[in-house]
Amino acid sequence: MVVGTLSRACDVAVLGGGPGGYAAAIRLGQSGKDVVLIEERATLGGVCLNEGCIPNKALGHAADLVADTKAAGPMGLSFGTPSVDMVRLVKWKDGVVQRLTKGVQFLAEKANVEVVHGHAVFAGPRVLRVETGAGMGEITFKHAVIATGSSPVELPGLPFDGKRIIGPREALSPGELHGRVAVIGGGYIGLGLASTYAKLGSKVSVVESTASLLWYLDPEVGDTLKRRMEKLGVSFMLSNRAEAFDDGTGFLTVVDASGNRSQAPADVIIVAAGRQANTGGIGLDAAGVATDARGFITVNERLETSAAGVHAIGDVTGGPLLAHKAYREAKVVAGVIMGEPMALDNVVIPGIVFTDPEVAWVGMSEKDARDAGMDVLTGTFPLRASGGALALNAPEGFVKTVADAATKRILGVFAVGRGVTELISKAGLAIEMGALLDDVTAVMEPHPTMSEALLESAEAALGTAIHVVQG
Amino acid sequence: MATVFRFPDVGEGIHEGRVVEWLVRVGDQVRRDQALVKVETDKAVVELPSPEPGPIGRLHAETGQTIHVGDPLVTIGDAGEQPSGEPAPTDGRPEAKAIPPDRAAGHTPAPHRVLRAPATPHTRVLARRLGVDIEAVQGTGPGGRITDDDVQAAHSAAAAPAPQPVALPRLEPSPRPPSALEERVPMTHLRKVIAQAMQTSSQTAAAVTHVDEADVTELYAWYKELKPQVEQSGVRFTILPFFLKAATVALKTHPLLNASIDEERGEIVYKRFYHIGIAVDTPEGLIVPVIREADTKSVVAIAGEINDVAARARERKLNLDEIRGGTFTITNMGPLGGVFATPIIHQPEVAILGMHAIKDRPVVVDGEIVIRKMMYLSVTFDHRIIDGAEAGRFMNDMVALVSNPKLLMARI
Ligand SMILES: Cc1cc2nc3c(=O)[nH]c(=O)nc-3n(C[C@H](O)[C@H](O)[C@H](O)COP(=O)(O)OP(=O)(O)OC[C@H]3O[C@@H](n4cnc5c(N)ncnc54)[C@H](O)[C@@H]3O)c2cc1C
Numbered sequence: 001m002v003v004g005t006l007s008r009a010c011d012v013a014v015l016g017g018g019p020g021g022y023a024a025a026i027r028l029g030q031s032g033k034d035v036v037l038i039e040e041r042a043t044l045g046g047v048c049l050n051e052g053c054i055p056n057k058a059l060g061h062a063a064d065l066v067a068d069t070k071a072a073g074p075m076g077l078s079f080g081t082p083s084v085d086m087v088r089l090v091k092w093k094d095g096v097v098q099r100l101t102k103g104v105q106f107l108a109e110k111a112n113v114e115v116v117h118g119h120a121v122f123a124g125p126r127v128l129r130v131e132t133g134a135g136m137g138e139i140t141f142k143h144a145v146i147a148t149g150s151s152p153v154e155l156p157g158l159p160f161d162g163k164r165i166i167g168p169r170e171a172l173s174p175g176e177l178h179g180r181v182a183v184i185g186g187g188y189i190g191l192g193l194a195s196t197y198a199k200l201g202s203k204v205s206v207v208e209s210t211a212s213l214l215w216y217l218d219p220e221v222g223d224t225l226k227r228r229m230e231k232l233g234v235s236f237m238l239s240n241r242a243e244a245f246d247d248g249t250g251f252l253t254v255v256d257a258s259g260n261r262s263q264a265p266a267d268v269i270i271v272a273a274g275r276q277a278n279t280g281g282i283g284l285d286a287a288g289v290a291t292d293a294r295g296f297i298t299v300n301e302r303l304e305t306s307a308a309g310v311h312a313i314g315d316v317t318g319g320p321l322l323a324h325k326a327y328r329e330a331k332v333v334a335g336v337i338m339g340e341p342m343a344l345d346n347v348v349i350p351g352i353v354f355t356d357p358e359v360a361w362v363g364m365s366e367k368d369a370r371d372a373g374m375d376v377l378t379g380t381f382p383l384r385a386s387g388g389a390l391a392l393n394a395p396e397g398f399v400k401t402v403a404d405a406a407t408k409r410i411l412g413v414f415a416v417g418r419g420v421t422e423l424i425s426k427a428g429l430a431i432e433m434g435a436l437l438d439d440v441t442a443v444m445e446p447h448p449t450m451s452e453a454l455l456e457s458a459e460a461a462l463g464t465a466i467h468v469v470q471g
Numbered sequence: 001m002a003t004v005f006r007f008p009d010v011g012e013g014i015h016e017g018r019v020v021e022w023l024v025r026v027g028d029q030v031r032r033d034q035a036l037v038k039v040e041t042d043k044a045v046v047e048l049p050s051p052e053p054g055p056i057g058r059l060h061a062e063t064g065q066t067i068h069v070g071d072p073l074v075t076i077g078d079a080g081e082q083p084s085g086e087p088a089p090t091d092g093r094p095e096a097k098a099i100p101p102d103r104a105a106g107h108t109p110a111p112h113r114v115l116r117a118p119a120t121p122h123t124r125v126l127a128r129r130l131g132v133d134i135e136a137v138q139g140t141g142p143g144g145r146i147t148d149d150d151v152q153a154a155h156s157a158a159a160a161p162a163p164q165p166v167a168l169p170r171l172e173p174s175p176r177p178p179s180a181l182e183e184r185v186p187m188t189h190l191r192k193v194i195a196q197a198m199q200t201s202s203q204t205a206a207a208v209t210h211v212d213e214a215d216v217t218e219l220y221a222w223y224k225e226l227k228p229q230v231e232q233s234g235v236r237f238t239i240l241p242f243f244l245k246a247a248t249v250a251l252k253t254h255p256l257l258n259a260s261i262d263e264e265r266g267e268i269v270y271k272r273f274y275h276i277g278i279a280v281d282t283p284e285g286l287i288v289p290v291i292r293e294a295d296t297k298s299v300v301a302i303a304g305e306i307n308d309v310a311a312r313a314r315e316r317k318l319n320l321d322e323i324r325g326g327t328f329t330i331t332n333m334g335p336l337g338g339v340f341a342t343p344i345i346h347q348p349e350v351a352i353l354g355m356h357a358i359k360d361r362p363v364v365v366d367g368e369i370v371i372r373k374m375m376y377l378s379v380t381f382d383h384r385i386i387d388g389a390e391a392g393r394f395m396n397d398m399v400a401l402v403s404n405p406k407l408l409m410a411r412i
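If you're matching them up, the sequences are chains A and B in order. Numbering of the first sequence is given in this note's numbering, commencing with residue 1 and proceeding in unit increments. Numbering of the second sequence is given in this note's numbering, commencing with residue 1 and proceeding in unit increments.
No lab work stands behind these hints: they were computed from the structure. A portion of the hints provided could be inaccurate.
Among the chain B residues that face chain A by a calculated CB cut under 8 Å, a handful are [as the list claims (entries may be wrong)]:
1. Arg116
2. Pro121
3. Ala341
No more than 30 Å apart at the CA atoms, straight line, and that leaves these computed lysine-lysine pairs for DSS-like [what the hints assert, rightly or not]:
4. Lys142(A) x Lys224(B)
5. Lys359(B) x Lys373(B)
6. Lys297(B) x Lys373(B)
7. Lys367(A) x Lys426(A)
8. Lys373(B) x Lys142(A)
Listed next, the stretches of chain B that the computed footprint assigns to chain A, with coverage defined by at least 3 CB atoms under 8 Å from CB atoms of chain A [what the hints assert, rightly or not]:
9. 124-130
10. 183-195
Treat the numbers as computed from the prediction; the structure is a model and nothing was measured. C-beta: ideal position from N, C-alpha, C; glycine also.
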C-alpha cells in the first residue's frame, strides 16, 4: 500500500491479526484472494499469542514444574527450595512468543497476504481508512472481515495504572515475583493466573462476585477446583466485589452481598473481570455493522454482519471468548467468502481453564439437559481410581459424562484433573460425530493414561464401569 | 413429531422470495406434495409442496413478507407439539438474521446446539453443499444419527417435484392512504429484480451501441410466403426466428459476442453453446425466456418454441430454468415503432441485438430510387472485452445474412 497517497483496492480486508484475523487472511491468501491484513500492534498473533493463551500456558508450565518439585518429597526426590528468576522466566516466555509471532508473519507472507501495521477505521461500506506510522492510507475492499478481538474491562474503582493495578497482559510479563496478589474475577483468565502465581510462590487471593466458582458448569467442578487451589494457598473471597485500592496503605476494599466492607492487603491487583469487544471507534456505523447491547458484533451462522460483504469472527462476535472459536470461524468465513456453502455448524465449543487442576468441558451439563426436559444418564469416574492419574501423583479430579437416556447419545463431558484439556478433545469429537455411549466404551484406550477416565465415565453412565463400584 | 419446513433452495442464485399467498391454514390436514404456499422468487412464482402429510401447526410467515432461504415457513404436526430442531423464535421478524444460540449473552442459551440433529461434521458439510436442511432430515443411523445416505435421499426427494408452476402475483394494496397528488404502489418482486438487473448491468458493462440498416426485402418475401403454410400447424409465425437463426450463425463467426467475463479470475468465458434469450414484454414487466441450443433447431421449431414461452411468460408460468442461462439476447422493438433504441445488456452476457421496425423506404439501387423493406439493427456490446471494430464486423455479418436469405441458408 502506498501510504498517504494512493488507495489500495483488494478482494478482502481483514481487520486484526489475532487467531481469527491471521487464520482467515492466510486461508484466503492460499485460495488466491488478494488479501490485506491490518494489525495495529507490531506483531501478528493478537491477544492469544502476545499476551493471552501462549504466555499463560508458558508461565503455567513453569509454575507446574515448581509445584511438582515441591510435591516430590514423598517420592524420595528433593531439589532444595525452588527459586524463581522472574526476569529470565519472562525472557524465556517472550522467546516462545516471538518464535510463534514470527512464524505467523512468515506464513502470512508465504500466502501472499499483505500485512499493514496500522489502525483501521471504516470510512464507508466498502472503504477503510488506515493510519500507519507513515501516514494515512485508504483500502477499498469487496469483502471485509472484522477480527478486532476484545480487551479487558476496567473496573470503576480500580483504574489500570500499569504498575499496581494491572490487567492480564502485565500480569503475564511481571518484572518480579509479587508477594501478595489479589485477582479480581474468578473466570477462566483470573483463575488461571491465580493458580500460576500461587505455585510460583505469591500469596494469592481471588475476589469473585458469585457464590461459587465456574457456577455455570457442573457444581462439582467448582468445588473440586476450589479445594485444590486452597491447598495451593489461594484464598477465596466469594460473593464479594472489589471496590477500591488504596495505593498508600496497600489495602484493597471489598464489599459483600449485604454491603459489608472488608479490607485485604495486596501488592498488586490483577483485574480479570470480563472483556469487552474492540468495536468502539472503528467506524461500524459508516459500514452499517450492527452490534448488540454489549458492543459485540451481531452475526449469523455464516458470520455475516448486518452489512453486506462485511463479516466478523472471533472475540468481537461474543459468545465464549476463546482462540479455538476464532480459528474455526476464520476457516468458515474464508469458505463463505470463497462462495462455498459453509456455516458455523459446530455443536460444541470446548471450554478450558488452565488451573491446577485443569478444567475442561464440552456440551451440556446434567443441569442443562434436565432443564431442557430430558431424561439423562450420567457417569462419573474419580481420578483417584485411575492408575494413570495416581502414577502422575495427580489424584484430584474426575470425568463426568452426560447422555440422553432414550438414545444413549452423549450430550456433554465435564472434566477436572491434570491434562484434561487434552482429553476433552476426544469428547468434543465424539459429540460432533453424534456418538452414543457405546461408541466410546467399545474403543480401546491406551493404558495407563488419563483418557481411560473418559471411557470409564461413559461405562459408569451405562452402569458397567469396572474400576468403580457400581451401585 | 412436528417438523419445521423451511424455505428451500429452489434453484441457483435465489436467496429470497415473497410470500404471495398461503394455500393452507393452521389446522388443515395436508397430504404429502400438496401445495402449501405461493412464493414469488426471481421471475417466477413457485408453489412449494408439503414434504410430508400432517396437520398444519403454524405458519411462520405472513402474506407479503420477504423470506430467505432457510427461514422457517410452516410447522407440520400438532400445534402443541415441540417442533424438532426449531431455532429460537425470531419474534416474527424473519429479516432478522438468526444468531447461533450460543452467541446469546449469558450461559443459559436454549436450545443447546448439542440438541441439533445428530450427524457427523462431514455429513453436515454434505447437507450444506446439497442445500438440504439437515434439521428436517430423518436419521436412520444409530440413535437417529443422520447418515450421508439420508442426506442424499432427502436431496433427491426435494429435487423430484421439480417444474414449479407459476401463477400471477397479486399487487399488494398500498399501506398508505391514497393521496390526491401521488400514489404509492409497492414494487413487485419482479420489478425489483428487473431494477436490480438493469442497475447492475449499467454499472458493470461499458456499454456501446452500434446501429446499421439492412435491406430485408428478400427475407420478408420468404417469410410472407412461408407464413400461411407454417401457420396451418397452429403456430403463429413471425420474422423473428430468422433473426435468431442468423444471430447464431454470426455468433459462431464472432464468438466474443457469445461470451461472458469472469472478473474474479480475469478470464473471458467463451460459450460453445447458443442459448438465445428473447425479451418478452408482459403486464408485470420484462421477462427473457431462453431458447436453448438455438443453433441446432429449425426456424419452424424455434417459432413454435417462441410461441410457447412467450405465452407462458405472460401468464408467468415459466420454470426458473427457462429464464436462465442465456448466452446472447435479442429484443424485438419493431412492433413498438421508433427509429432505433439502445437496449441494455442482459448480464452476464456481453451483447444484445435490437431489431427495429421494418418499413418501406425509398433507397437508391443501381442508380435508381426504389422502394425496399428496410430495417435498423442495433447491437449493444460490452466494450470491456469487445472492441468497436469486432462489434462492427458482427453487425456487417448480421446485415449480410438477413439481407440475403440464400447466404443464411448456405451458412446454417
Ligand atoms: C490471559 C489470557 C489467557 C487466555 N487463554 C486462552 C486459552 O488458553 N485458550 C483460548 O482458547 N483462549 C484463551 N484466551 C482468549 C484468546 O486470547 C482470544 O479468544 C483470542 O485471542 C481471540 O482472537 P481474535 O482474533 O478474535 O482477537 P484478538 O486475539 O484479540 O486479536 C485482535 C487483534 O486486532 C487488533 N486490532 C484491534 N482493533 C484494530 C484496528 N481498528 N485496526 C487494526 N488492528 C486492530 C488488535 O491489536 C489485536 O491484535 C486468553 C485470553 C487472555 C487474555
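- Per-residue hint verdict: Arg116(B), partner chain A, C-beta under 8 Å: Holds, about 6 Å.
- Message: Lys359(B) and Lys373(B) were given as a pair; does the straight-line alpha-carbon distance stay at or below 30 Å?
- Response: holds, 5 Å
- Message: Less than 8 Å between beta-carbons is the criterion; does Pro121(B) satisfy it with respect to chain A?
- Response: holds, 5 Å
- Can the restraint linking Lys367(A) and Lys426(A) be considered satisfied, given a maximum Cα separation of 30 Å? Status holds; Cα separation ~22 Å.
- Query: Does Lys297(B) pair with Lys373(B) here, judged by a C-alpha cut-off of 30 Å?
  - Reply: Holds, because 27 Å separates the two Cα atoms, which is no more than 30 Å.
- Query: For the pair supplied as a hint, Lys142(A) and Lys224(B), is the alpha-carbon distance within the 30 Å limit?
  - Reply: The hint is violated at about 54 Å.
- Query: Is Lys373(B) within 30 Å of Lys142(A), Cα to Cα?
  - Reply: Roughly 51 Å separates the two Cα atoms, so the pair is violated.
- Have a go at the Ala341(B) hint: is there a Cβ in chain A nearer than 8 Å to its own Cβ? violated, 33 Å
- Would you say the segment 124-130 of chain B counts as covered by chain A, given the rule of at least 3 residues with C-beta under 8 Å? holds (count 4)
- Three residues minimum, CB to CB under 8 Å: does the segment 183-195 of chain B make the cut for coverage by chain A? Let me know. violated (count 0)
Hint check: violations occur at hints 3, 4, 8 and 10; the rest are consistent with the structure.
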